[in-house]
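J.: The sequence shown maps to residues 1 to 723 in the working numbering.
Rather than coming from a laboratory, the hints here were simulated on the basis of the structure. Where hints are given, some of them may not hold.
In silico SDA-like cross-links for lysine to any residue, where the CA-CA straight-line distance does not exceed 25 angstroms [stated by the list, open to error]:
#1 464 to 358
#2 165 to 220
#3 633 to 658
#4 431 to 464
#5 224 to 45
#6 224 to 353
#7 633 to 607
#8 431 to 358
#9 224 to 113
#10 431 to 448
#11 165 to 201
#12 165 to 218
#13 431 to 338
#14 606 to 623
#15 431 to 363
#16 633 to 599
#17 606 to 133
#18 165 to 599
#19 165 to 647
#20 165 to 455
#21 633 to 592
#22 224 to 431
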Amino acid sequence: MRKSRGIFIVLAVAILAAAAGAFIAVRTAAANQSKFYSSGYVLRTDTTDESVEVSQVQFASGTAMKAKYPSSVAFKDVQGTETVVSEDTYIFYDDGSISALTDGSLIDLDEVRGGVVDYYYLTSKMVLEYGGGNEYTIDNNDTALSFTNYLWKISDDSWLVSAEKMELILNNQSIETIENAYFQVTYLESQIVRVTDGTNVWQSISTDGCIILGNGLQIDLFEKEIQDEDGETLISLEDVEIDSQSGVAVASTTADSWTPPTFNFNVTNGTDGESGGSGESGESGTSGDGGDSGEEGSSGEAGATGEAGEAGSTGGTSGTSSSSSSSASTSTMPTFHLSALDYDCSEVSFTVTVSGDTDILGMDGAIEIYRVSDNTLVAYTNGIDFAQYEDSGYTLDLVDADWYQYLSADTEYRIVVSSSYTLNDGTTGTKDFLTRTFYTSAVGTSVSLDYSTDGTLSLAIDTKSYSEMTYGAIRYTYTDASGTVQTLWYGGSSGSSSEPYVLDLSTVSEVTLTDLPSDTLVTVEYYVTSGNTLIASGENANIELVQTEEFYTLKATPTVETLSISTNSNYLALYCEDITDVDQAITGYRYEIYQYESNGDTTLVKTLTASDESPVALYLSDTITANNFYCVKAYAIYYDNYETEEILVGGEAVDFDTYSVGTPIIWFEPAEESEVQSWSGGALTDAVGFNYIYGTLCIDGNGTNIATGAGNSILITIESGSD
1 MRKSRGIFIV LAVAILAAAA GAFIAVRTAA ANQSKFYSSG YVLRTDTTDE SVEVSQVQFA
61 SGTAMKAKYP SSVAFKDVQG TETVVSEDTY IFYDDGSISA LTDGSLIDLD EVRGGVVDYY
121 YLTSKMVLEY GGGNEYTIDN NDTALSFTNY LWKISDDSWL VSAEKMELIL NNQSIETIEN
181 AYFQVTYLES QIVRVTDGTN VWQSISTDGC IILGNGLQID LFEKEIQDED GETLISLEDV
241 EIDSQSGVAV ASTTADSWTP PTFNFNVTNG TDGESGGSGE SGESGTSGDG GDSGEEGSSG
301 EAGATGEAGE AGSTGGTSGT SSSSSSSAST STMPTFHLSA LDYDCSEVSF TVTVSGDTDI
361 LGMDGAIEIY RVSDNTLVAY TNGIDFAQYE DSGYTLDLVD ADWYQYLSAD TEYRIVVSSS
421 YTLNDGTTGT KDFLTRTFYT SAVGTSVSLD YSTDGTLSLA IDTKSYSEMT YGAIRYTYTD
481 ASGTVQTLWY GGSSGSSSEP YVLDLSTVSE VTLTDLPSDT LVTVEYYVTS GNTLIASGEN
541 ANIELVQTEE FYTLKATPTV ETLSISTNSN YLALYCEDIT DVDQAITGYR YEIYQYESNG
601 DTTLVKTLTA SDESPVALYL SDTITANNFY CVKAYAIYYD NYETEEILVG GEAVDFDTYS
661 VGTPIIWFEP AEESEVQSWS GGALTDAVGF NYIYGTLCID GNGTNIATGA GNSILITIES
721 GSD
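Can you make the complete structure from the sequences, with help from the hints?
T.: Below, the structure is given as structure tokens:
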């Protein structure tokens, strides 16, 4: 440790108290000790005769955890009470990061529409670091993997779903909106499911229950499937294995050591902020019993890893896992996308693009089209080298396929894109990389959302050249600010009307619904006719409802006018004020701290996040030092019903300095064995005994001035403590 700063006093004190042992907090090596890396909580649910309740069991940073046979983990909560939880438990750290006590597989829910999706294998205690909004990252061999919408499976009966926006629909069709960014799903029996967001808990039979995500996907709680908007199965969660052979093994050091970004203390070199962290390490060391528990916990964890290995062995029968368990991480499967999809009642044209590690693909790629009703092949093309189309994409028109039949109207079809591959370790196989269905409606005209504001919806009307429809009309329903349900027809330039405004489908491509409330669900009904006129009602009515859609108007854009900074004894508090957020759109805040360089330029040195406007602490550290100049930019992050946006608070950065921040730090270093000898001259084996203490008391100013010398005494008190 660097000793050029501070005051060092060598002590040799005789303590004559009988039956009392001297108690000194000394850091010890604990390479195998398992602990929580930061303060946080785990969820516990308790069932009574009347209800089910969820509680957050809090733990402190550095708390030791101990594996208990056969599949539990024990630790002491902040009250000192021993708590035992199942190893199928998620860890929620106070900075928003998430971990788990056991191995799991993570699925990126923004990638599942592309067909077969690789999932990521995370070992126990790996940490998904929270980055603001609903973004989480984890380092994988110096490459950051980023997730916004994901599902984390740690057992067949335990999942965690995290997304920017989610709703829970139970079997009685009641809809619950989460308060936090996740749902934790636990199956108690085959059809009994318990869902909690950390604050609320719901328990019901799983029949007809689902979770709907803001990106349009839904998770069927009964079928245990991830589905698209039309209920088509994209992934069966029962088929997702938890082993390194089946998933992409993530190589991250966060399972062994992780420091939350907000409280980054490292005191080995004795600098200001780093010495502050030494105090935290000392507190952890006082729990001698906890250290022992950590060693026992290591054995328990080894057993858990053994179970994961057995699962990998089972996967080996597929013929893709004959090599070592780390082989899955040597290659990354490329991603296939379907774009420019265009079809009518007899033909189809589309483009397949591919990105990622295309070098592993073979030259025998294939595209097949099936009729869904009887799984009949109606077209195919093979011998495609998709790697050479990475930039331009491969375009297929039905009539250019190697073999095809014309399509039929009002029929559902499925496109399947596949290719062989060879991994870097020599493993070979063939995989369906993309599956997409489409429906050849004879109507040939449809309505979709072009854009939304906080008071309007702009709708695009797409009418195919083969369509026989001549005229259309749009009716829409919403609830106004007074709570009254309004059902109106689109009325052209005059706005809304009680009668339909006739749309000439040969010329109209866009309509706009106006005077809508912000953050409001609008149900849109699209009616068409093939007649010479459009008749909406009466005996001669000739319009047909062909499409019903639901769209949201945007939430009103919030305003945050003031970034405030207050100085405390050893940290600065950053917080936002003067906030207007009528639709509760704000999901969090991000604080970017920049250091001023000598030439006036600034460099980003630290980023803090917060879930609300409550103050966040900026401590002195190796990057935020005493007696220096900085500025901070604060961003309010909000979700507008479609995208996550952000606002620079106050429109500019705010300057501050650290001249008034700092509290002296004191710690004790035991003497080396060679420096210790008894009063009689003989060598002693320990620096601390029942009636003596040898060592160095270190005092670091941490940005403050400490008066020394005559008239400035330092009082040292040594108290006895229990074993």
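J.: The structure should be examined with respect to each hint, and the outcome stated for every one.
T.: Now the hints, each set against the structure:
{"no.": "1", "hint": "464 to 358", "in the structure": "35 angstroms, violated"}
{"no.": "2", "hint": "165 to 220", "in the structure": "16 angstroms, holds"}
{"no.": "3", "hint": "633 to 658", "in the structure": "16 angstroms, holds"}
{"no.": "4", "hint": "431 to 464", "in the structure": "34 angstroms, violated"}
{"no.": "5", "hint": "224 to 45", "in the structure": "22 angstroms, holds"}
{"no.": "6", "hint": "224 to 353", "in the structure": "30 angstroms, violated"}
{"no.": "7", "hint": "633 to 607", "in the structure": "10 angstroms, holds"}
{"no.": "8", "hint": "431 to 358", "in the structure": "13 angstroms, holds"}
{"no.": "9", "hint": "224 to 113", "in the structure": "17 angstroms, holds"}
{"no.": "10", "hint": "431 to 448", "in the structure": "33 angstroms, violated"}
{"no.": "11", "hint": "165 to 201", "in the structure": "18 angstroms, holds"}
{"no.": "12", "hint": "165 to 218", "in the structure": "12 angstroms, holds"}
{"no.": "13", "hint": "431 to 338", "in the structure": "16 angstroms, holds"}
{"no.": "14", "hint": "606 to 623", "in the structure": "7 angstroms, holds"}
{"no.": "15", "hint": "431 to 363", "in the structure": "13 angstroms, holds"}
{"no.": "16", "hint": "633 to 599", "in the structure": "20 angstroms, holds"}
{"no.": "17", "hint": "606 to 133", "in the structure": "17 angstroms, holds"}
{"no.": "18", "hint": "165 to 599", "in the structure": "44 angstroms, violated"}
{"no.": "19", "hint": "165 to 647", "in the structure": "19 angstroms, holds"}
{"no.": "20", "hint": "165 to 455", "in the structure": "21 angstroms, holds"}
{"no.": "21", "hint": "633 to 592", "in the structure": "5 angstroms, holds"}
{"no.": "22", "hint": "224 to 431", "in the structure": "23 angstroms, holds"}
Checked against the numbered hints above, the structure breaks hints 1, 4, 6, 10 and 18 and satisfies the rest.
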